[in-house]
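> Okay, here's what each chain looks like letter by letter:
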Amino acid sequence: MQTLYDKLWNQHLVHTESDDPGSMALIYIDRHLVHEVTSPQAFESLKLAGRKPWRLNSILAVADHNVPTTDRSQGIQDPISRLQVDTLDQNCDELGITEFKMNDLRQGIVHVIGPEQGATLPGMTVVCGDSHTSTHGAFGCLAFGIGTSEVEHVLATQCLLMKKSKTMRISVEGNLGLGITAKDIALAIIGEIGTAGGTGYAIEFTGSAIRALSMEGRMTLCNMAIEAGARAGMVAVDDTTIDYIKGRPFAPKNELWGSAIAFWRTLRSDADAVFDRTVTLDATQIKPQVTWGTSPEMVTTIDGIVPDPARVSDEVKRHDMQQALNYMGLSANTPIQQINLDKIFIGSCTNSRIEDLRAAAQIVKGKHIAANIKLALVVPGSGLVKKQAEQEGLDQIFRSAGFEWREPGCSMCLAMNDDRLIAGERCASTSNRNFEGRQGPGGRTHLVSPAMAAAAAIAGHFVDVRKLSNE
Amino acid sequence: MEKFETITALVAPMDRANIDTDAIIPKQFLKSIKRTGFGQNLFDEWRYLDHGEPGMDSSQRKINPAFVLNLPRYQGVQILLARANFGCGSSREHAPWSLQDYGFRVIIAPSFADIFFNNCYKIGLLPIVLDAAILDYLFEEVKSTEGYRLTVDLQNQKVISPKREEFTFEIDIFRKQCLLNGLDDIGLTLQHAEKINQFEQKRRNEQPWLFM
Ligand code: SF4
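As given, the protein sequences belong to chains S and G, one line each in that order.
At the far end of the first sequence sits residue 840, using my numbering, and the numbering has no gaps.
At the far end of the second sequence sits residue 214, using my numbering, and the numbering has no gaps.
Keep in mind that the hints were calculated from the coordinates and are not lab data.
Yeah, the Cβ is synthetic: ideal placement off N, Cα and C, and Gly gets one too.
Among the hints, erroneous ones may be present.
Straight-line C-alpha distance at most 27 Å; calculated DSS-like pairs for lysine-lysine [to be verified]: (1) K686(S) x K178(G); (2) K178(G) x K533(S); (3) K736(S) x K756(S); (4) K197(G) x K532(S); (5) K535(S) x K36(G); (6) K145(G) x K533(S); (7) K36(G) x K416(S).
With beta-carbon atoms standing in for the labels, derived distance ranges [as the list claims (entries may be wrong)]: (8) K532(S) x K197(G): 10 to 20 Å; (9) A792(S) x E142(G): 27 to 37 Å; (10) P74(G) x K756(S): 50 to 60 Å; (11) E7(G) x A792(S): 36 to 46 Å.
Over 12 Å on every C-beta distance to chain G, these chain S residues come out as not near it, computed from the model [to be verified]: (12) D473; (13) A599; (14) R600; (15) D608; (16) V643; (17) R680; (18) V685; (19) N741; (20) R795; (21) G806; (22) Q808; (23) R835.
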C-alpha cells in the first residue's frame with residue numbers, strides 16, 4: 370500500500386542514516402537538466418574543488434532564460450546575458466555535456482524540451498536548478514527544483530541529500546466544461562489551498578478529469594504545483610503517458626521498449642495507499658480563472674469581481690490584499706471582464722506547447738487584436754514546437770491577427786531578455802507567476818489559460834471563453 | 003561553509019506575508035555568474051526609488067527612505083523577522099546569497115517555502131520556524147524597542163529575547179551538525195561513493211534505458 374511518491378522515493382534511496390522517516394536520505398538522481406542562470410556558480414565551485422561530473426549522460430543542458438526571441442543571427446546583444454550563455458556553452462564543451470545551443474532547432478525552455486526529447490521518462494528522479502522542474506512529474510517522475518549548491522551536489526555525486534515529504538492527493542473528478550483547461554484546474558487548486566497549501570508535500574493529481582488530460586495538460590498542472598507550495602507534483606503513468614513517449618529521441622527502443630513499459634505501468638499509487646492529506650475538486654464546477662493580485666492564490670473566476678479587502682478580517686491578509694490592489698492599479702469590486710489590457714503573452718513552460726498554441730490560434734483565427742493592445746506575443750516553448758506550429762499554419766493565424774511570432778525561450782515569463790512590461794502596463798499572461806515586477810518592473814500580470822489570453826487579445830479586456838466557444 | 007556560532011544581533015521586521023524570491027532579488031541581477039555581491043541589490047525594487055540594473059553603483063542610487071531596512075535604527079541588522087511563506091517562488095539560491103551578503107545570519111518566520119528553506123542551510127544561513135503567535139509578539143517588541151536584539155543559540159536550539167524569554171525551535175540533527183561544524187555536504191556524500199556506485203550499477207542492469 371504505497372503511494373506513487375513512496376515508490377519513487379524507495380526506488381532511489383541510496384543511503385539513510387536511520388529508519389526514522391524524518392531523517393536525511395541520499396537520493397539517486399537519474400536526470401539532471403541544466404540552464405544558464407543557476408549553473409555557472411555550481412560549475413565554478415566544482416572545478417575549484419577539483420571535481421568532475423559523476424555521470425555525464427545524465428545531464429542535458431540548454432540556454433533558455435536569457436536568449437533573445439527576436440532575430441538570433443547577430444547573437445545576444447546584452448553583454449551580461451551573453452556572458453552567462455557563453456559560460457554555459459563553455460562549461461558544457463569543456464566537460465562534454467550534451468547541450469542544445471541557441472541556434473539548434475531543439476533549443477527551447479528546459480521544461481519543454483526534456484519531455485519533448487524523451488529525456489524525461491517515467492520512474493526517473495529529475496532535477497534542475499529551476500523551481501518549475503515539477504513539470505516533469507506529469508510522467509510519473511519525482512521531479513523538483515534545486516538551488517545552485519544542490520546543482521553542484523548532483524554534478525559531483527549524482528545524489529541529493531533530502532528529507533521525505535508528506536503526501537497530498539488532489540483528486541479532480543468529473544468532466545471539465547467547454548473551454549476549461551489544465552491551467553484553470555491549476556489556478557482553481559491554488560485558489561483553494563493557497564500558495565503555501567502544498568508546502569512540505571509532494572502532490573499527486575488523480576481523478577477522472579486528470580486522466581482525461583493530455584500530457585500537455587498534465588505538464589501545465591504539475592508545472593504549477595510549485596505555485597501551490599509543493600516542490601513536486603505528479604501524475605500516475607497510463608496509456609496517455611506511454612503513447613506520448615514512444616519514438617522520442619531519448620526514449621527506449623526495440624527490445625528495451627517492452628520492458629520499460631511493463632515497469633512504467635507499476636508507477637501508480639496502490640488502491641489502498643494512504644495520503645497525509647486529500648483534497649477533492651469537482652471538475653464540473655471549474656470556471657475560467659483570472660488572477661487579480663500579486664500572488665497566484667489571488668485568483669477569481671471570469672464572472673467574478675476584484676475582491677474587497679474591507680471584507681477581510683485578518684489584518685495581515687487585508688494589508689497584503691490592499692498592497693496587491695495598489696500595485697495592480699485595481700479597485701475593489703471591479704468586474705474582471707472590465708479590466709482592460711495592454712499586452713498579451715502566450716508562452717512559458719506552463720503554456721507554450723503545441724496544444725496551447727492550437728487552443729489560442731483557434732480563438733484568434735480570422736480576427737484581429739483590439740486597438741488598445743500594444744503588443745501580443747506568441748513565444749513557442751521550443752524550436753520543435755515552433756516548427757510544428759508553422760507546419761500547421763498557426764504562425765500565419767497569429768500573424769494575421771496582429772500577434773508577433775517569436776523564437777523559443779522564457780521571454781516575458783520573467784523578462785530577463787528584452788521582452789518585458791513597462792511600469793504600469795497590464796498583461797494577460799499564460800505564465801505561472803504574477804509577482805510584483807515579474808514581467809518587468811512595475812508591470813501588472815494577470816495569469817490565465819492560453820484560450821483566455823487569446824480571447825482577451827481580441828476583445829482588449831477579459832472575456833469569458835465559454836461564451837466564445839458557444840458561438 | 004563558515005561555522006555557525008551563537009549570535010546576539012540587531013533585528014529588523016519585514017511585516018508582509020508571501021515575500022517571494024523575485025522581491026528578494028529581482029531577476030536582472032541573476033545574470034551574474036558569481037556568488038557574491040548580491041547584498042547591495044537585496045529587495046532592490048523596494049529599497050531604491052530608481053530602477054536597478056547590474057553594474058550600477060548602488061551608492062549613487064536614490065534610497066527609498068520609508069523602506070524598513072533603510073531606517074537608521076536597523077543599520078547593522080543580522081536577524082530578519084518575517085511572515086508566512088517567506089521565500090516562495092523560484093529556486094534561485096541568489097535569494098539566500100543576497101540575504102547573507104547583506105549581513106543576515108538568521109531569518110525567523112512562521113513558515114518558509116521548501117526550496118528556499120533548503121537553500122539557506124546550504125550556505126550557512128539559518129532559517130528558524132517559530133509559531134505565528136510568537137512572531138506576532140516579536141514583531142511588536144522589535145517595532146516598539148529601538149535597538150532590539152535577539153540571541154540565537156543553535157546548540158541549544160533557542161531564540162532568547164532581551165527579557166530572557168526563551169523560544170525553542172526545531173532543526174534536523176544532520177543540518178544542525180553541518181551548520182555547527184561548517185561541514186561541506188559534497189564531501190560528506192562522497193564518503194558513500196562506493197554505495198552510490200553499487201546502486202548505480204544495479205539500476206543500470208535493471209533499467210538500462212535510463213543510462214543511454
Ligand atoms: S518559462 Fe518562466 S517559469 Fe518557466 S523556466 Fe522559464 S522563467 Fe522559469
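> Would you check whether the claim that V685(S) is not at the interface survives, using Cβ distances to chain G and the 12 Å cut-off?
violated (6 Å)
> Please confirm whether R835(S) is truly not at the interface, meaning its C-beta sits more than 12 Å away from all C-beta atoms of chain G.
The claim holds: R835(S) sits with its nearest Cβ about 31 Å from chain G, beyond 12 Å.
> A cut-off of 12 Å on Cβ-Cβ distance, and D608(S) was said to be off the interface with chain G. Does that hold?
holds (19 Å)
> Taken at face value, is the distance from the CA of K533(S) to the CA of K145(G) at most 27 Å?
violated (38 Å)
> Does the Cβ-Cβ separation between P74(G) and K756(S) fall within 50 to 60 Å?
Check passed, 59 Å falls within 50 to 60 Å.
> Given the proposed pairing of K686(S) with K178(G), does the C-alpha separation stay at or below 27 Å?
violated (33 Å)
> Taking 27 Å as the top limit, are the C-alpha atoms of K736(S) and K756(S) close enough?
holds (23 Å)
> Could you check that no beta carbon of chain G comes within 12 Å of the beta carbon of R795(S)?
The claim stands: R795(S) keeps its Cβ more than 12 Å from every Cβ of chain G (closest is about 18 Å).
> Could you let me know if the closest chain G CB is still more than 12 Å away from the CB of G806(S)?
Given that some Cβ of chain G is not farther than 12 Å from that of G806(S), nearest at about 5 Å, it is violated.
> Does K416(S) sit within 27 Å of K36(G), going by the straight-line distance between their CA atoms?
Measuring from Cα to Cα gives roughly 14 Å; hence the hint holds.
> At the C-beta level, are A792(S) and E142(G) separated by a distance inside 27 to 37 Å?
holds (35 Å)
> CA of K197(G) to CA of K532(S), is that 27 Å or under?
Cα-Cα ~19 Å, so holds.
In this structure, the hints that do not hold are numbers 1, 5, 6, 13, 14, 18, 21, 22, in rising order.
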